[in-house]
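*Asks:* Chain by chain, the residues run as shown.
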Amino acid sequence: MKKLNEDLLDIGGRKFRSRFILGSGKFSLEMTRTVIENGGVEMATLAVRRANAGGMENILDYMPHGVTLLPNTSGARDAGEAVRIAELARELGCGDFVKVEIIRDSKYLLPDNTETAKAVGLLKARDFVVMPYMMPDLSAARDMEDAGADAIMPLGAPIGSNKGLLTREFIKILVEEIDLPIIVDAGIGRPSQACEAMEIGAAAIMANTAIATSGDPAAMSKSFKMAIEAGRLAYLSGTGRVLEHRAEASSPLTGFLEDR
Amino acid sequence: MRDFTDAEDYEEGMEHIDPGLMTGVLERASAYDSDDYSERDVLGVLSSDGIGPKGFAALLSPAAEPFLEKIARRAKEETMKHFGNSVNIFTPLYASNYCSNRCVYCGFNRENNIKRAKLVGEEMDREMEAIASTGLREILLLTGESRLHSDPDYIADLVARASGHFSNIGLEVYPMNTGEYRRMHEMGADYVTVFQETYDTDVYKKVHPGGRKRIFSYRFNSQERALRGGMRGVGFAPLLGLSDFRRDSFACGLHAMEIQRKYPHAEISFSLPRFRPFINHEDAENGVTESKLLQVAMAYRLFMPFAGQTISTRERPGFRDNIVGICATKMSAGVSVGIGEHSGTEKGDAQFDISDPRGLEEVVNALVANGRQPVFNDYVKV
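Chains as they are written, first to last, in this note's numbering: chain A, 1 to 260; chain B, 1001 to 1382.
Covered by chain A, according to a simulated footprint, are these stretches of chain B (three or more residues, beta-carbon under 8 Å):
#1 1074 to 1087
#2 1261 to 1275
#3 1375 to 1381
Derived by calculation from the structure, the hints in this document are not laboratory data.
Quick reminder that beta carbons are idealized off the backbone N, C-alpha and C, glycines included.
My request is simple: use the sequences and hints to build the entire structure.
*Replies:* Right, dumping it as structure tokens:
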């Protein structure tokens, strides 16, 4: 397992051993700690709109020491709101990481790539480590990369749907073309899907609903950890070509060539 | 095409909106016959992925009644996917019970002989402080529908004071014009709920014999005006039991669907009120049993899985604590429906009797014991 031990995820200069990012908000706070520990999680999101202004309990109290907080801008409908939410997160002591989430559709909760790219630039100018949640579109990802994004977070399927890696081919394109960590966020419903995303070169996985809706979130978290590690190791090892292309024919098409 | 609009009856100053959306909803609702659906339709819906208006119609039909348990499992799954185990907690503040309407089913009816009152000035703050001191961060401001006793200035004052105490402010007051909603939004309100009561225009006329509320279409278009005025979310509901509850729920779902299609960013929520006995009418009865109420709620959940659902203290604790595990996502706690009750001095009578008098702590403890996560604030104003 030497490969995995030396294999660190670098986001904005910060190094992570774990490639499992946990979403929060869909399960009880006291469960958060167990899920984080079992999953070996080193980065967890938190919704600023929920952490803000007291509430009954503060999610920050439940985050184990050493976990990097990834505040998200959920609730933002444009770049300006996203920036203001991110600044509020920094004021609340959540650090400099921010997951940009700009949504103008209450039904599917699909991200708005145009506003998101705009927000990336504005947040970068304010010295945030910026991780935009987006529809896997190459042009938009390039815009975000140019605007200073530190990672790109394409969705695998609509948020909360547990439908898996429906955007697989488009995520592969991002993995090939974008020189930033590609983190699959949203849609991953099963450990096997997380494993597959890692196999095709995703740098990390973010999951929330898959854990929250499972019968045993603590055990499911561990299962995700193992699946993500398995997929990563497979990617580092170079999967057999047979996975990607048809097997080679036994009588070669080029056997007629007579080079003399 | 039948003309559902009553715009010719509009009072001075009432804003017009193109009636196309409303006409479409009412036509489809009047064509809905809940007896047209079979067991096969219901089971077909349960094994399909997206559920459109047809599936919604089947889920609301009598044919779905034998399958409540099956539907509940699916509804719970959808709720978990979209909301996890979160349950938002809020409390309503009844600020005034003066009303100019004559709704035959309501305790605030201007002809009902009750003690009328409204909170003024520092009384508002006292009530709000009492509520905020319990830890609650979300408030729903309610008044009777009197533009005389609770005029827009009064409501703006109420909202402005509330924004000093709470993070999230909803309004349940008389329907307003876009400009008035914009003003309330600028003062700090973000959510507007207007119950249509019934989508059956004939019954509507019968039970609303007087006051501005008698104008069906002005009320129907409230959510649109609220969204145009900048509100983030809008709530919908028929008062179940006033007319055919299946058709009313069907119409309400379509109403919400069309609004969300026209205003995709709008946060949609449903409330689930059914008839309750009210002051001087303690024997009011209705045909909507708990099973039927749950059936409606679950149909909303499967039809619009992303929409919030509020369950009020009109229902008993055992019902509320369980429906939040299936499809409801928001509940009130520590509720006083009289005017001025939170800070201990009731000035005016209540709109209806409540069935869940539990305080905040008790409601929260019950939720936690059932594996739910009470959420006091889910909103940040920036």
